[in-house]
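Place chain B on chain A using the hints.
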Amino acid sequence: MLNAFKAGLVTVLALTTVIALNAQVKPLVFKEYDMPNGMHVILHEDHSAPVVATVVHYKVGSRDEDPKRTGFAHFFEHLMFESTEMIERHNMDKLISSAGGQLNAYTSNDETVYHFVVPSTEVRLALWIESQRMRKLQVNAIGVETQRGVVKEERKNRYDNVPYGGWYEKMQSYLFRDSPYAWSPIGSSQHIDSASIHEFVDFYNEYYQPSNAILVVSGDFDEQIVKETINAYFGPYPKAPEPRRPQLNRVSDSIASVRETVNDIKARLPRLFIGYKSISISDADSYAIDLLTTIMSQGESSRLYKSIVDSQQIAVNVSLSNQFREYAGMTFIIGIPSAGNSLDAVEQSIDAQLKEVMVGGVTDAELQKAKNITEAQFVGSRTGMYNKALQLVSYYRYYHDTGLINTELDRYLKVTREDIQRVAKRLFEKKNRVVFYYLPSKG
Amino acid sequence: MTASPPLSKESLKFRFPDVAETVLDDGTPLYVIEKAGEDVATFGIYLRAGSAHDVRAGATAFAAEMLTRGTVDRAAEEFDEIVEGLGSSIRSTCDRDTSSVYGVSLNEHFEETTRLAAECLLRPAFGDREMNTMRQQFITEAQIDEKDPEWLATQASNRVCYRGHPYERRRRGTIADMSSMMQADLITAHQRFLSAPRCIIVAGSVNTNEMRAMFNELLEGMPPVKFNPALSRAQLSENSGCLAVNAEAVQTAFRISMPGVELDNADYPALQLITGTLGGYTLARLFSVLREQKGYTYGAYAMSSVRPWAQTIDIVTSVGNEFTADTLQTIADEVSRIASERIRIEELENTRQYILGTFARTNETPQQTAGLLWTTLLHGLPRDFFQEHIVRIQRLTPDDLLPVQMRYFDKSRWAIGASGIEDVVLPALKMHVHEVETMHI
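Sequence lines, in order, name chains A and B. Per the numbering used here, the very first residue in the first sequence carries number 1; after that it's consecutive. Per the numbering used here, the very first residue in the second sequence carries number 1001; after that it's consecutive.
Derived from the structure by calculation, the hints contain no laboratory data. Values in this document were obtained by computation on a predicted structure and should not be read as measured data. It is possible that some hints are incorrect.
Here are the computed lysine-lysine pairs in the DSS-like style, where the Cα-Cα straight-line distance is at most 27 Å [to be verified]:
(1) 1294(B) - 152(A)
(2) 355(A) - 306(A)
(3) 1035(B) - 26(A)
(4) 170(A) - 414(A)
(5) 94(A) - 136(A)
(6) 431(A) - 170(A)
(7) 170(A) - 152(A)
(8) 1411(B) - 1294(B)
(9) 414(A) - 425(A)
(10) 31(A) - 1035(B)
(11) 94(A) - 1294(B)
(12) 59(A) - 170(A)
(13) 136(A) - 1294(B)
(14) 239(A) - 59(A)
(15) 94(A) - 68(A)
Pulled out of the complex, with its shape left as it was, chain A reads as follows (with noise of 0.2 Å):
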């Protein structure tokens, strides 16, 4: 039995050494129109389990806010919540988790997305409260008096109140100095006090337009009645004129140098974070830069944990991550130093494995196994009715092609060895990046 079971791991071993895979992934079966006031459409119907994802996608984030003004569109986010003309103050969670619903929301830097999860005999009820905060939003001085304060603990908990918890705000700021990039959705709670309900409102009528949102339905429907139920709460709004946006497709490549060291009254340990400026979502190199990633992060036998946490052994944790948003990205590099290790030895340990990518490339095995965990991720991102609508908006409002959520593997899988070294070079050859060195203080 032994002798079997070594068997099975011998054709483990070949298949990983010399055999791509080729998972057969199901089609996602969707339909997308264009309602006459522009509100983009997007049904998505799967009868396996008896519940409704509904995902309204508003194109707005904090990069479109007042830079005198941020926090807005986050703090929106709460006031979407509150009340319209036709339901009360705390109704709208009253109604959808009375019905056995789920709700929430988020917002980025480029959107604002609201959803709710659904048995399924309550998707109408889902798409009418929708219909409702759309255009029928009352924005009131309790509303905003109280998610006020709501903002400003949610604050100290994400950020105030952790170690480390300033880095990327201040990351963000130095990569994208100058943009409206240059801000998280949190904003300042200076700003959001300050703010009058006039302003709310001129916001709210600014973004909240049926042209200037996307919808999804994702889930055990009937096709034709939600039609009908989206075109009687939806069809009645107007279209509104395109919002006014700040200028960002020429966010600037280049950054001033930023070194700087932190002391963090919160932190225990001292931590290494260096950011680069990055590509935008839709660039081509996307595709490339992320299985650069995989290759250098994703596992314990990538190139960073292999090299640096396992073999020299001067880091306990070192990870590489992406984000990519509408016009740019940031790509950051989080190290922690084993005992006795100093944070300069981490960074020249980061930077030499990110040298020997940009000069020696990577190996065909290495990218074949970037392409396997992609391709395994792929398909594993696509259960659950709530993800597979947040995927469809996102190929939707970012690449204007919806049905990349049956090929962009393809796009993945056609990256070469000459790709990935060619990225590694645009991204980390650049002089300038940010550089934080964070150690604990006793305050």
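Same frame as chain A, but now just chain B:
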């Protein structure tokens, strides 16, 4: 445009998915959630010995997490290369009660992935070099945890909820435990969890008979079950509090507990509805008062925590320092209210529908179903437990709930764990509990 909410009159359509059940030749139960058409398959091998069963504190966690760090047959690097080369994932871990190995892969690599998981479960190397790497990682993570306000509050809560019980210990032990861990400790812990009662759950586009044949082959050589995972019951220290001091905190984190019940207790369905009404979701009382009325917090929740040897009702929130005292008083008022007032039918219906909807929303995939199935197995419940639980939830009335409210929601039985600034939190704690201690981690 409809002027009122278009609420459905249809009842919720939910049925717990079918689970095929069989037994391997050595008696290990195998549960298979077959769902044709899934591109990804998962498995979990669960062993009923966790960190609470440690003889040497932290050894089970160390041994469980070391399983994927090299085997007798191959070094860690080679193991990682193979698993990641397949695009698969194998994770090994333990919680207080269970050690486990999980895997996920594309269908075409499921067999290879499970073979590798079996290899690491049965034949781990526990090599010195890998142990030292993991030791450093554990110590680093522990040092980071020790500055985390939520983690600190949980340690304080563990003190007052599980004083002297194995549940009080940290899962991975202290930094001193990690520093002195030897290979022999891991081998002992490994032998213990290998001989613990076990089961396997597989979910995806798989066939039960094929899975049975495969696991019979892969797990041949597993020692017979001889470990008894029974522990004494943990006793909550009523009317007491513990503060983990966090001198730089800008928020106070609270974990307030009261004695709860096991899942098969006749009061549990009612307790789930009551706890849900108090703080189970964003419409519930605590969230409404502390966040939506007072703006003190980003979130405030109540939930039942059910472990095999301890059950509590927990209230959890983090609030700005300046709101610490009023938050505790507000929670006390809400607990007193729920202990004494009949819940209005409308409020009960809201909670009931939310809970029932949760079953539908959290059973979209076979992997989610596997999670619920494991809950029934861990607690020795009948396979139809959740289906019956739903029926019981649907039947309960406000009059049924009131005696349960009075029985369990008693402020004088509070055990409060908190983290924050001493001068801010201690006076507030002393207003509500008799005994208060501080922890300096």
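Taking the hints in turn, this is what the structure says about them:
no. : hint              : verdict
1   : 1294(B) - 152(A)  : 12 Å, holds
2   : 355(A) - 306(A)   : 16 Å, holds
3   : 1035(B) - 26(A)   : 15 Å, holds
4   : 170(A) - 414(A)   : 36 Å, violated
5   : 94(A) - 136(A)    : 18 Å, holds
6   : 431(A) - 170(A)   : 19 Å, holds
7   : 170(A) - 152(A)   : 18 Å, holds
8   : 1411(B) - 1294(B) : 22 Å, holds
9   : 414(A) - 425(A)   : 19 Å, holds
10  : 31(A) - 1035(B)   : 25 Å, holds
11  : 94(A) - 1294(B)   : 19 Å, holds
12  : 59(A) - 170(A)    : 25 Å, holds
13  : 136(A) - 1294(B)  : 25 Å, holds
14  : 239(A) - 59(A)    : 15 Å, holds
15  : 94(A) - 68(A)     : 35 Å, violated
Checked against the numbered hints given earlier, the structure breaks hints 4 and 15 and satisfies all the rest.
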